[in-house]
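**Q** Construct all of the structure, not just a fragment, from the sequences and the given hints.
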Amino acid sequence: MSVMDQDSGMFKVQQTIGSVLCCKCGVPMPPNAANMCVNCLRSEVDITEGLQKSIQIFYCPECGCYLQPPKTWIKAQWESKELLTFCIKRLKNLNKVKLKNAEFVWTEPHSKRIKVKITVQAEVLNGAVLEQSYPVEYTVRDNLCESCSRFQANPDQWVASVQLRQHVSHRRTFFYLEQLILKHDAASRAIRIQQVDQGIDFFFGNKSHANSFVEFLRKVVPIEYRQDQQLVSHDVKSSLYNYKYTYSVKICPVCREDLICLPSKVASGLGNLGPLVVCTKVSDSITLLDPRTLRCAFLDARQYWRSGFRSALTSRQLVKYFVFDVEPPVGEATVGGQKYALSYVQIARESDIGKMFYVQTYLGHILKPGDQALGYDIYGANVNDDEMEKYRLSVRNGLPEAILIKKCYDEQREKKKGKPRRFTTKKLPMEMDESRGSRVDPEKMENEYEEFLRDLEENPELRFNISLYKNKDYQDSETASMTDGEGAPSVPIEELLAELELSEEEDDDNEEDMDE
Amino acid sequence: MATRLQFENNCEVGVFSKLTNAYCLVAIGGSENFYSAFESELADVIPIVKTSLGGTRIIGRLCAGNKNGLLVPHTTTDQELQHLRNSLPDSVVVQRIEERLSALGNCIACNDHVALAHTDLDKETEEIIADVLGVEVFRQTIAGNILVGSYCALSNRGGIVHPHTSVEDLDELSTLLQVPLVAGTVNRGSEVIAAGMTVNDWTAFCGSDTTATELSVIDSIFKLREAQPSSIVDEMRKSLIDTYV
Numbered sequence: 001m002s003v004m005d006q007d008s009g010m011f012k013v014q015q016t017i018g019s020v021l022c023c024k025c026g027v028p029m030p031p032n033a034a035n036m037c038v039n040c041l042r043s044e045v046d047i048t049e050g051l052q053k054s055i056q057i058f059y060c061p062e063c064g065c066y067l068q069p070p071k072t073w074i075k076a077q078w079e080s081k082e083l084l085t086f087c088i089k090r091l092k093n094l095n096k097v098k099l100k101n102a103e104f105v106w107t108e109p110h111s112k113r114i115k116v117k118i119t120v121q122a123e124v125l126n127g128a129v130l131e132q133s134y135p136v137e138y139t140v141r142d143n144l145c146e147s148c149s150r151f152q153a154n155p156d157q158w159v160a161s162v163q164l165r166q167h168v169s170h171r172r173t174f175f176y177l178e179q180l181i182l183k184h185d186a187a188s189r190a191i192r193i194q195q196v197d198q199g200i201d202f203f204f205g206n207k208s209h210a211n212s213f214v215e216f217l218r219k220v221v222p223i224e225y226r227q228d229q230q231l232v233s234h235d236v237k238s239s240l241y242n243y244k245y246t247y248s249v250k251i252c253p254v255c256r257e258d259l260i261c262l263p264s265k266v267a268s269g270l271g272n273l274g275p276l277v278v279c280t281k282v283s284d285s286i287t288l289l290d291p292r293t294l295r296c297a298f299l300d301a302r303q304y305w306r307s308g309f310r311s312a313l314t315s316r317q318l319v320k321y322f323v324f325d326v327e328p329p330v331g332e333a334t335v336g337g338q339k340y341a342l343s344y345v346q347i348a349r350e351s352d353i354g355k356m357f358y359v360q361t362y363l364g365h366i367l368k369p370g371d372q373a374l375g376y377d378i379y380g381a382n383v384n385d386d387e388m389e390k391y392r393l394s395v396r397n398g399l400p401e402a403i404l405i406k407k408c409y410d411e412q413r414e415k416k417k418g419k420p421r422r423f424t425t426k427k428l429p430m431e432m433d434e435s436r437g438s439r440v441d442p443e444k445m446e447n448e449y450e451e452f453l454r455d456l457e458e459n460p461e462l463r464f465n466i467s468l469y470k471n472k473d474y475q476d477s478e479t480a481s482m483t484d485g486e487g488a489p490s491v492p493i494e495e496l497l498a499e500l501e502l503s504e505e506e507d508d509d510n511e512e513d514m515d516e
Numbered sequence: 517m518a519t520r521l522q523f524e525n526n527c528e529v530g531v532f533s534k535l536t537n538a539y540c541l542v543a544i545g546g547s548e549n550f551y552s553a554f555e556s557e558l559a560d561v562i563p564i565v566k567t568s569l570g571g572t573r574i575i576g577r578l579c580a581g582n583k584n585g586l587l588v589p590h591t592t593t594d595q596e597l598q599h600l601r602n603s604l605p606d607s608v609v610v611q612r613i614e615e616r617l618s619a620l621g622n623c624i625a626c627n628d629h630v631a632l633a634h635t636d637l638d639k640e641t642e643e644i645i646a647d648v649l650g651v652e653v654f655r656q657t658i659a660g661n662i663l664v665g666s667y668c669a670l671s672n673r674g675g676i677v678h679p680h681t682s683v684e685d686l687d688e689l690s691t692l693l694q695v696p697l698v699a700g701t702v703n704r705g706s707e708v709i710a711a712g713m714t715v716n717d718w719t720a721f722c723g724s725d726t727t728a729t730e731l732s733v734i735d736s737i738f739k740l741r742e743a744q745p746s747s748i749v750d751e752m753r754k755s756l757i758d759t760y761v
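Those protein sequence lines, which keep their order, are chains V and A.
To convert, note that position 409 of the first sequence is 409 in this note's numbering; the numbers rise steadily by one, no gaps.
To convert, note that position 90 of the second sequence is 606 in this note's numbering; the numbers rise steadily by one, no gaps.
What the hints contain is simulated information worked out from the structure, not anything from laboratory work.
Beta carbons are placed, not taken as given, at the ideal position from N, Cα and C, and that holds for glycine.
So, partial list: chain A residues that the calculated Cβ filter (under 7 Å) puts toward chain V: (1) Pro679; (2) His680; (3) Ser682; (4) Val683; (5) Glu684; (6) Ala699; (7) Gly700; (8) Thr701; (9) Arg704; (10) Gly705; (11) Thr727; (12) Thr729; (13) Glu730.
Cβ-Cβ distance ranges computed for the label pairs, FRET-style: (14) A/Asp594 / V/Val27: 51 to 59 Å; (15) A/Arg655 / V/Val38: 33 to 41 Å; (16) V/Ser111 / A/Asn525: 46 to 54 Å; (17) V/Val27 / A/Arg601: 43 to 51 Å; (18) V/Pro30 / A/Pro563: 36 to 44 Å; (19) V/Pro30 / A/Arg616: 34 to 42 Å; (20) A/Asn525 / V/Asn143: 53 to 61 Å.
**A** Here you go:
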């Protein structure tokens with residue numbers, strides 16, 4: 001019975017706890033601070049007295065949120081951890097006792113009752129700690145939350161809108177932007193997207209969503225924007241003002257392949273860049289290439305809008321040329337990943353083959369005699385541009401008669417006519433603007449889109465930021481690849497993404513697609 | 517037979533009274549009910565003396581005694597001492613002791629043969645106890661408490677100790693005191709046994725909060741059933757009735 005105590009070397013007698021009778025019911029029990037058995041103690045003292053046993057909570061059936069007064073709505077699933085935390089938080093006075101455990105008791109979901117069994121611990125009667133379980137019943141009442149009720153009242157309600165405009169006659173930029181937006185999911189929070197005459201309108205439910213969208217645009221195209229607001233309502237008592245915010249965003253009207261005659265100030269500012277320049281790339285800054293010196297300059301949005309020059313000739317005015325002779329290149333340069341070679345060529349317009357021109361071009365590395373090229377016919381064009389006129393008068397030798405921009409693949413395209421492309425693109429869910437007596441000709445739109453797709457095929461750097469998807473209808477025909485080495489440019493299959501389709505019948509097909 | 521009573525609405529009967537085999541001391545209360553309860557039980561058997569000790573009414577906790585003698589603290593006045601000497605039988609020696617621990621009732625638990633003492637009691641006090649009360653003195657603790665007089669109610673036939681006393685301690689005390697002991701409570705779970713009740717060889721008085729279970733324990737350990745040969749029916753009825761509505 002006696003045990004040697006290791007620590008202090010003292011002789012310690014083993015103590016066995018005896019049993020006493022519970023003073024109320026007489027059942028033998030080990031002694032405790034109250035000297036009553038647990039049942040008697042429970043019948044004497046109720047530690048759950050004063051604690052809330054039933055309470056009402058509000059639930060929004062539209063968005064599945066529960067109201068935490070005064071204003072917060074917390075999203076929670078049925079019988080989830082968040083719901084349990086929320087339910088316990090709603091109980092008052094729970095700080096008087098110690099919470100040991102809480103769990104849900106099953107109730108029928110449509111009974112509008114939630115039952116939680118809570119176990120608490122408290123000290124009673126000179127030191128005895130008692131643990132007791134009790135159920136709390138929550139009555140769920142349906143109540144639409146503010147945002148849902150606002151949405152129900154007027155589904156087209158928007159708080160912020162972004163009006164994106166580009167004052168040019170074509171929609172190439174918007175096609176490209178559409179693909180970029182899809183790739184980066186920038187417009188995922190837009191309530192509505194509407195296509196208008198020279199632009200697109202985006203509507204958002206939140207000013208910060210619109211703001212982040214404008215920031216995204218600023219990174220991909222050179223823009224200038226201003227923000228305005230309109231007072232919708234005003235709560236006098238709490239001094240709350242509700243506004244509608246509008247961002248007017250202007251994209252710079254200079255596009256790829258445009259011919260620009262720079263104003264003298266801008267030209268000298270860029271190091272005397274020949275006033276005639278070609279715009280080769282537009283991202284968040286504009287790349288200008290001088291076709292005679294092969295020198296490039298970059299203008300970012302702020303620099304551009306300081307002068308705000310417009311293009312002299314746009315891609316609409318491109319004319320087809322036949323190339324008869326190409327001399328070996330006199331100079332080569334690589335600018336921004338693109339190779340250019342300066343050489344002299346003999347060309348004639350398709351419409352007037354008799355008149356030959358001997359001009360300088362930067363396409364020396366890809367043109368061969370017998371090719372077709374697209375370029376600006378400065379000799380025959382009537383250019384409505386002040387700067388051009390000034391330049392024409394000031395220069396001694398006269399303007400170059402033609403500036404070639406790109407090679408033309410129309411011949412090769414003839415062979416593939418009618419056959420579907422290897423890739424497809426996705427589209428944004430846009431609404432067409434019916435109200436303003438549609439100046440939009442559907443056929444013209446299709447032609448423009450076709451040109452945009454051709455552009456994509458020809459320029460790998462354009463494809464860089466976009467996702468292209470495999471076209472299921474396309475069959476890889478052997479003939480196309482077996483013609484002369486130079487076929488029409490097309491998108492290599494490695495760059496294409498497989499479409500993700502979530503349907504059960506086509507499971508097997510999807511497996512195959514995914515592997516590639 | 518155990519009786520339930522109150523002193524001025526307070527259930528701590530052992531504080532306001534001292535019961536031995538030869539005499540009974542009660543405190544002076546506002547009403548005579550307390551005194552009458554003792555009288556009805558003990559009237560012709562032993563003298564019941566109303567007194568105060570040192571001007572206080574907590575006489576049960578201040579003095580310690582058995583049939584041989586009575587020890588009172590140094591705070592007792594001369595008049596009280598004289599009153600006690602006059603009222604008690606001549607066989608009882610009344611002695612006032614000079615002791616630092618003046619609540620003798622809390623420090624000493626005794627019956628007619630053996631006594632348990634507070635561990636810090638003076639050597640002389642121990643000798644006086646042995647001499648005046650005619651008992652064998654053991655310095656002990658009960659359930660780790662040094663106030664043995666509070667946590668133990670002792671008679672010649674049995675005793676109740678603090679409910680948290682371990683089995684080994686119980687065995688040890690039982691061997692020392694040579695009487696059966698039980699760990700129990702009084703006054704609805706109160707651990708201070710001696711303050712809640714007072715007992716001698718044939719009768720016991722407890723606070724009115726004492727439950728039937730506790731009463732039955734008291735009856736069985738002090739063997740009070742066999743002591744009074746009154747009718748069985750009366751006894752059974754008393755212990756079965758819990759509260760008076």
